[in-house]
Structure formats: structure tokens, C-alpha cells
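Novice: Spelled out, the chains give:
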Amino acid sequence: MCLAVPGKLIEIYEEAGMKMGKIDYNGTVNKACLEYVPEIETGQYTVVHAGFAISVINEEEAARSYDAWREYTDAAARDGVDVFGEPLDKEGKIE
Amino acid sequence: MKFISEYRDPVTAGNMLDEIRKTVTRPWVIMEVCGGQTHAIVRSGIDQLLPKEIRLVHGPGCPVCVTPLETIDRAIAIALRPEVIFCSFGDMLRVPGSDRDLLIARSLGADVRVVYSTLEALQIARDNPEKEVVFFAIGFETTAPGNAMAIIQAEKQGLTNFSELVCHVLVPPAITALLSSEENQVNAYLAAGNVCTIMGLGEYEEIAKKYQVPIVATGLEPNDIIEGILMVVRMLEDGRCEVQNQYVRSVRHDGNVVARKAVAEVFEVTGQKWRGIGLLPDSGLRIRKRYASFDAALRFDVAGVEVDEPEACISGKVLQGLKRPNQCPVFGTECKPEHPLGATMVSSEGACAAYYKYQPLS
Amino acid sequence: MSDDNKNDEDFSSFSCPLPRLNHDSVQLAHGSGGKLSAELLEKLFLPRFGNETLDRLEDQAVLTLPPGRLAFSTDTFVVDPIFFPGGNIGDLAINGTVNDIAMAGANPLYLSVGFVLEEGLPLEALHRILLSMEEAAWGAGVQIVTGDTKVVPRGSCDKIFINTSGIGVVPEGVNMSVASLPAGDKIILSGSVADHGMAIMTCRQGLSFQSGIESDTAALNSLVADMLMVSKEIRTMRDPTRGGLATTLNEFARSAATGIVVEQEKVLVNSDVLGACEILGIDPLSVANEGKLVAVVPAAVAEDIVQVMRQHPLGRQAMVIGEVVAEHPGVVALQTALGVSQVLDMPVGEQLPRIC
Chain L
1 MCLAVPGKLI EIYEEAGMKM GKIDYNGTVN KACLEYVPEI ETGQYTVVHA
51 GFAISVINEE EAARSYDAWR EYTDAAARDG VDVFGEPLDK EGKIE
Chain D
1 MKFISEYRDP VTAGNMLDEI RKTVTRPWVI MEVCGGQTHA IVRSGIDQLL
51 PKEIRLVHGP GCPVCVTPLE TIDRAIAIAL RPEVIFCSFG DMLRVPGSDR
101 DLLIARSLGA DVRVVYSTLE ALQIARDNPE KEVVFFAIGF ETTAPGNAMA
151 IIQAEKQGLT NFSELVCHVL VPPAITALLS SEENQVNAYL AAGNVCTIMG
201 LGEYEEIAKK YQVPIVATGL EPNDIIEGIL MVVRMLEDGR CEVQNQYVRS
251 VRHDGNVVAR KAVAEVFEVT GQKWRGIGLL PDSGLRIRKR YASFDAALRF
301 DVAGVEVDEP EACISGKVLQ GLKRPNQCPV FGTECKPEHP LGATMVSSEG
351 ACAAYYKYQP LS
Chain Z
1 MSDDNKNDED FSSFSCPLPR LNHDSVQLAH GSGGKLSAEL LEKLFLPRFG
51 NETLDRLEDQ AVLTLPPGRL AFSTDTFVVD PIFFPGGNIG DLAINGTVND
101 IAMAGANPLY LSVGFVLEEG LPLEALHRIL LSMEEAAWGA GVQIVTGDTK
151 VVPRGSCDKI FINTSGIGVV PEGVNMSVAS LPAGDKIILS GSVADHGMAI
201 MTCRQGLSFQ SGIESDTAAL NSLVADMLMV SKEIRTMRDP TRGGLATTLN
251 EFARSAATGI VVEQEKVLVN SDVLGACEIL GIDPLSVANE GKLVAVVPAA
301 VAEDIVQVMR QHPLGRQAMV IGEVVAEHPG VVALQTALGV SQVLDMPVGE
351 QLPRIC
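Those protein sequences? They're chains L, D and Z, same order as listed.
Start counting the first sequence at 1; every next residue gets the next number (our numbering).
Start counting the second sequence at 1; every next residue gets the next number (our numbering).
Start counting the third sequence at 1; every next residue gets the next number (our numbering).
Bear in mind the hints are in silico, worked out from the structure with no lab data behind them.
There may be inaccurate statements among the hints.
Said to hold, decoys possible - Simulated pairs of lysine-lysine, BS3-like, Cα-Cα distance not exceeding 30 angstroms:
hint : chain 1 : residue 1 : chain 2 : residue 2
1    : D       : 209       : D       : 261
2    : D       : 209       : L       : 22
3    : D       : 2         : L       : 31
4    : D       : 156       : L       : 31
5    : D       : 357       : D       : 210
6    : D       : 261       : L       : 31
7    : D       : 323       : D       : 131
8    : L       : 22        : D       : 156
9    : D       : 52        : D       : 261
10   : D       : 22        : D       : 52
11   : L       : 8         : D       : 2
12   : D       : 261       : D       : 210
13   : L       : 8         : D       : 261
14   : D       : 336       : D       : 323
15   : D       : 2         : L       : 22
16   : Z       : 43        : L       : 8
17   : D       : 22        : D       : 209
18   : D       : 289       : D       : 323
19   : Z       : 266       : D       : 2
20   : Z       : 266       : D       : 357
21   : L       : 19        : D       : 156
22   : L       : 19        : D       : 261
23   : L       : 8         : L       : 22
24   : D       : 289       : D       : 317
25   : D       : 52        : D       : 357
26   : L       : 19        : D       : 323
27   : D       : 52        : D       : 209
28   : D       : 289       : L       : 19
29   : D       : 210       : D       : 289
30   : D       : 357       : D       : 2
31   : D       : 52        : D       : 289
32   : D       : 289       : D       : 261
33   : D       : 131       : L       : 19
34   : D       : 156       : D       : 323
35   : L       : 31        : D       : 131
36   : D       : 209       : D       : 289
As the list claims (entries may be wrong) - Far from chain Z, by Cβ distances over 10 angstroms, these chain L residues were calculated:
hint : residue
37   : 2
38   : 7
39   : 19
40   : 27
Don't be surprised by glycine CBs; every beta carbon is placed ideally from N, CA and C.
Next comes chain L alone, as it looks inside the complex:
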């Protein structure tokens, strides 16, 4: 429901009394209000919705997800099926 995009905080500044930041999304930079993520530091990634940073991305947790995913990859390799559940070796050897 809510388009929220991760970007990297590259600069913190003040505007009209509010804590604001410049967020880099892959080379396109846009400003966002940082009032709701007072703990954020430059270099961190943040989830931005409609011009407001709503969370600081927890990179450790993200890394843990990637580790879990790697296990599925290993499992798939053990089972000999590709990403869509098809047998890995289509050329033959299928009993």
C-alpha cells in the first residue's frame, strides 16, 4: 500500500527547523525528512515513504536473511532441481 524505497543517507541538514537528509537512490538524490529516525547517521540506509524516512535499515538482519536464502540454494542443489522446480539436468539422466 505504501511505496517505500530504500536509499542511502549522504547528508544531514536543517530546513525550516526540521532535521532533513539527502538520500541517494542509485544516483538520483532526493530530500527526506529525518525527524522520525533521530538515530540515523550518514552512510546508513533508510526506508523512505512520501518524503519521510520511516526506518533505518538493519543491515545485520538483512544479512541474516541472505544467509537463510543461501541455505535454500544449497537445498535446491542437493535435490537436483533448478529455481522453478525443474530437474537440473534436462539433457538426460532423468529416470
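With chain L fixed as given, assemble chains D and Z onto it according to the hints.
Specialist: Quick look at chains D and Z alone, frame taken from chain L:
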């Protein structure tokens, strides 16, 4: 893009889908609550890749779709006033009111401007002191903090020409309403990740306990959704009814406490009409008395505008997950994105529009 | 836009300062046909566009055309803002019509230019626009041979509207038509999509972007000429402007009553453009381009054409993105990253930034 590409990687997707296939043994109905999830599901084709045991139904999580007809009519009435600059997210411009939408109002002379953030509307108010600047404050819990901040700032800066037409809806009461319905057939829920980013998991823990349903707070990228489905399927198969968090990179247990505080400062919970569903108790937000001067509905005296919804479309059933868009007799014929009958066809997050735009190639 | 063009622009702004005029901005009298009109013509327009035909100042251009069939096209340009990263309404107006002619495989030769100016438009802005039009016309090898200027009261138009029409000659043996696109034909896209549209959207007033996104506005006729050197069997070409790639592919499928399959992964989107699309919730396949082309070619020559395109500065990222199929006539199928095929429809109306 970091934190996007990883969540769209087809290899990871395939592996997790495979894991789902291995885990599932019985038919399950899972509702993704958030319209953004619906959009991602049909756009990437996840629904076509799931094992046949799993049926996804689309939830009410599109604030554009559930904004009642009368609110659109109120918005248009305000926008057409000569002294008003009416600011809105782009989403709302094509949503049909009783007889027109905001784009048509613009063609009739209304000064309707698309903004990306509430703070832009505030800037427009500062730049145009002779004008009344009204912001169309729609959205779920995710958008409420921004809309609250604009009012807090407007007061701080002494801006008297800024107000908001508020139509904020809350997700948990809608889920509760669905769960209480006798027609309910949903076994588990993917909760909206960005709503949980603000609100945390507490409300869902109560629901999971009371109604004995597994719930997973889930992000909006394809692999988030697939992982969320895997997590609920595991719970369903094990007979567990927990609240789990898939969107760990953004959702903390208590949500964003600072943002919640700001929302509570400006808004209070109220009964709210949902388009296609009707009045749900405690399912919306309204501006508190202390900030009443920023309430556009009062300032422009449009609170009395009330409209009944036409019977034409089944969007209410679609929003409750009781019908699929393509079960509607007018889907794709009388009702298309270029002339929508119901809001679920207007918003790109609406289930009907998503179905129409990303039809599987049959 | 290529780096060469940028250098030229910088150079021209040094060499051509605004001529001395009696006003700083466009006056209604500049369009009255009197002395001020003449001054505008002589001091601003002719020095930029002057050539043998135009300098005669007749009511019409009398042209001698080489033999062959003619391609004739017209387009009107309205854009807000009129200056944007990578270009302005002036080069856009020249390149747009040049491209429309080139898409028939024709060699564009002559353009007409019609201006509607809003009273109060700074003459300095007009001058800068004319300089880039001169530059663009020179780059595309076309002459501006006739023109017209009208001035309307403030508020009656948005700063400046430009119409350009053009004529080109179709080379012998080239016979493009969208009417018949045989199954098996390949679809080539000349480069990344959505650059122009997102350059405009991110610099519109109100959106607080700082982006390096530049419009891709460019004249494609020399790229087309190179492609035709490989094969004159190119079935059809189009530049995916308004409505983006999604619209162009749907036009192909509908006109030829054939099916089209495109692989999403093959359609390039520059990373900063993708970032902007994500923030605003916009589908890059529905966003306008001003310097890209889509060609349908027989499979046998597709790879050779792509190789030649990649030698050209405007085709460095050319790629086969899909093919024509006999199934699902009139429908474009997009194969997603997950390997699922879906209908790719035309966008409905203007692309609006969204939060949902």
C-alpha cells in the same frame, strides 16, 4: 539498487518457491493485506508460480481504493473553490467521485497540484500566503506520520493558510472485521510491511491470539512476499498461530515510536467509512480538537457532503477477499482503468487494476 | 545526449551572445508583423537558421527534391520546463520531427518551424532555444526552410510552443510498413529507456530531486542510415516517445495483428533513472524517450544490425529484446524476471507520481 535487487533475484525466488512446494501438504488461503504486495505479486507473476494448494486473496490494503466516494466529492468541492490550491498525491487524481475526478476538476479551473510529500504542500502554503492550501491527507498508518508532521510544522511556523482533508484508515480493524465475518475463508495473513514499520507487531499479536491465525509482517519486494508465504505456510502446516517478522530490515517490534507519538499528538482514532465495505468502528483517524483549525473539512464546511455508493461493481467483495477481480461481470469490459467503475480499478495498487494490467498470458 | 553535443553547446553560448535588442522580453508587437517582428526575425531567427531558401523571406519555400518517395511529418512540442537536463524545447522540436521522418528509413532534408510565444518570454531564453535548434538541425543535417512566429498574450500559452514539420526522401529499396510483421522477426531496442521522461519529471517544480538524469534527446537519422546499410529488410521502426516502449510495442502488435514477446531483463534502465522510477512509483516501460528507436527486423539480419548499431554513439547499448510470435495476436507479452509471461498493456493517461 541495494536492498531492492537482492529482493528481486530470481534464483532466490525460485529456491524459496521450491521450499514452499516441499512444505505444503494441504490447501491454504492466504491474504496479502497490502495493495503494494498485490501489485508486486501480479507484476512479477508470483501467483502463477505457487503450488496449486496455495490460494492468494487480495486484501483491503489500498488507501486510495478504500477512500469513500463522499471524501472524493468533498475534495473536489474544495478544489473547485477559487481561493484554494489543492495538493494531492498523484494516486488520488484519477479516482472517480460521484460524477467526476480531480483531473476533471483541474480541467474546470481548479488549481490541483501533485506533490510527492506533504512537506511540499507546506512549502506551497508558505509561498502562496494569499491562497488557501489544502492537502489531501489519505493513507494508512505509514503515511500518517508525515501528514501529522505537516500539521505540527504548520502550527510551529504560524501558517494559517494550510489545512488537511483527512481520510486516514487503519489496517488492524479491517483485518478484525474480515476475521469476524462468517464468510471469511482466509487461513493466514501477510501483514503490510511498511505499516508494521510504523506500528510494530503488537496489534497483530492480539489478533493472532484472538482469532488463531498466523500473521507474517512482510515486505513489498517479490522475494519478501515469497519468503512471507513460506513463513506462513510453515506455521499453517505446523498448526502454529504466531506473529512473525519477515521484513526484519525495517520492522522493529514496537514500530517507530517517535512517529507513533507524532501521529497520536495530531490525530485520534475514529469510526471510518471504507469504500465498498462500509463503516468500520475505530478504523480511521481524525484531527484532534486542539488542531481543528487545520481540518479542511471544517474550514470549508464540507463535512455534510454524504453520498451512497453505487451498486455497480463488486469492489467491496474484492477488497474483502471474497471475490477475485475477474469474477466481476463488468471486469475488463464496462470497467477498465480508462473508465473505472470502482476504485479498485483506479489505483495501480487496486486489485482490479493490477489484475487488468498484469493479466497472465492464457 | 552525447558528450560532443554538450561541448558544442558550451562553445556556441560563448560565440553567440544575445544580439542587442530594444526589449528584454517578447512583446505582443513582436508578432504584429511590424518593425518589432522584423527585428526579431533579422536579429534572432535568421542568424540562426539562415540558408539560401529561408533568406529569400518568401511566404513559402520552393524546393527541389531528389527522386524518391517522400516522408512527411509534423509534431508540436509543449514541455514544462522548457529547459531541462540534456536539452530544451528547441532541440527536442528538431530531433522529434527528424526522428519521425527517419523512422520510415527516410533521409530528412527540410523542416518548417512554427513558434507560439507567450508575451513576456525573456528574449535571452528564446535566443538560447534558437541556438540549440541551430545546433540540432546542423547535427541532423537538415535545413529550416520556412517558419512562422505568433505572440499570444501572457497566460494564453506556457512560455513557448513549437511546431516542426519536415520532409525526407525514402531511399530506393526501403519499404517499411507495420502492416505485416512475420513471426520469428526480432525486436531491437537501441538503448536504455525512460531517460527523457524521468529527466523532465525529476526537474519539475515541486519535486525536490537532484538528479544527474539527462534527457536522451537526439536525432536518430544517422543511426538509421547505418542500420539500412546492413539491410533494407528492416520491417518497421518507431521512436518510443509518449507512452514509452509499452505503447510502441502495443502499436506494433495491434497494427500487424501479431503477438510480441519481450524479455523484461533485456530492457535497459539506467540505474539513476530506475532509482527515480522507484521513488515515484513509475513504470519505466511507460515513460517517454526522445533518442531511442525500436526496430522489427528479420531474424537473419538481427545480430548484424545490432553489431552495427553498437558502433554508433546512439546505439551502443542496442539489444534484441524480444520477437514477433504467431500466438496472442494484438497482445504484447512481457516475460518477467521470474520467467512468467504477462500482458504488457499501454499506460492510461499521464504518468503520475504515486505513494501507494
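Novice: The structure should be examined with respect to each hint, and the outcome stated for every one.
Specialist: Hints, one by one, checked against the model:
1. D:209 with D:261: At roughly 26 angstroms apart (the allowed maximum being 30 angstroms), residue 261 of chain D and residue 209 of chain D satisfy the hint.
2. D:209 with L:22: 42 angstroms, violated
3. D:2 with L:31: 18 angstroms, holds
4. D:156 with L:31: The hint holds at about 21 angstroms.
5. D:357 with D:210: 37 angstroms, violated
6. D:261 with L:31: This hinted pair holds, its Cα atoms lying about 23 angstroms apart.
7. D:323 with D:131: 45 angstroms, violated
8. L:22 with D:156: 23 angstroms, holds
9. D:52 with D:261: It is violated: about 44 angstroms lies between the C-alpha atoms, which goes past 30 angstroms.
10. D:22 with D:52: 12 angstroms, holds
11. L:8 with D:2: Roughly 9 angstroms between the alpha carbons, so the hint for residue 8 of chain L and residue 2 of chain D holds.
12. D:261 with D:210: 26 angstroms, holds
13. L:8 with D:261: Holds. Residue 8 of chain L to residue 261 of chain D sits at ~25 angstroms (cutoff 30 angstroms).
14. D:336 with D:323: Roughly 17 angstroms separates the two Cα atoms, so the pair holds.
15. D:2 with L:22: Judged against 30 angstroms, a Cα distance of about 17 angstroms means the pair holds.
16. Z:43 with L:8: 50 angstroms, violated
17. D:22 with D:209: Answer holds: residue 22 of chain D to residue 209 of chain D is near 27 angstroms, not above 30 angstroms.
18. D:289 with D:323: Roughly 40 angstroms between the alpha carbons, so the hint for residue 289 of chain D and residue 323 of chain D is violated.
19. Z:266 with D:2: 20 angstroms, holds
20. Z:266 with D:357: 20 angstroms, holds
21. L:19 with D:156: The hint holds at about 14 angstroms.
22. L:19 with D:261: 17 angstroms, holds
23. L:8 with L:22: Distance of about 8 angstroms is within 30 angstroms: holds.
24. D:289 with D:317: 35 angstroms, violated
25. D:52 with D:357: 23 angstroms, holds
26. L:19 with D:323: Violated: residue 19 of chain L and residue 323 of chain D sit about 45 angstroms apart, past 30 angstroms.
27. D:52 with D:209: 28 angstroms, holds
28. D:289 with L:19: 27 angstroms, holds
29. D:210 with D:289: Given that 30 angstroms is the threshold and the Cα spacing comes to 33 angstroms, the pair is violated.
30. D:357 with D:2: 27 angstroms, holds
31. D:52 with D:289: The given pair, whose Cα atoms are some 52 angstroms apart, is violated under the 30 angstroms limit.
32. D:289 with D:261: Holds, because 17 angstroms separates the two Cα atoms, which is no more than 30 angstroms.
33. D:131 with L:19: 27 angstroms, holds
34. D:156 with D:323: 47 angstroms, violated
35. L:31 with D:131: Holds, because 25 angstroms separates the two Cα atoms, which is no more than 30 angstroms.
36. D:209 with D:289: Cα-Cα ~35 angstroms, so violated.
37. 2: Incorrect as stated: the minimum Cβ-Cβ distance to chain Z is 6 angstroms, not above 10 angstroms.
38. 7: 8 angstroms, violated
39. 19: 16 angstroms, holds
40. 27: Violated: least Cβ distance 3 angstroms, not greater than 10 angstroms.
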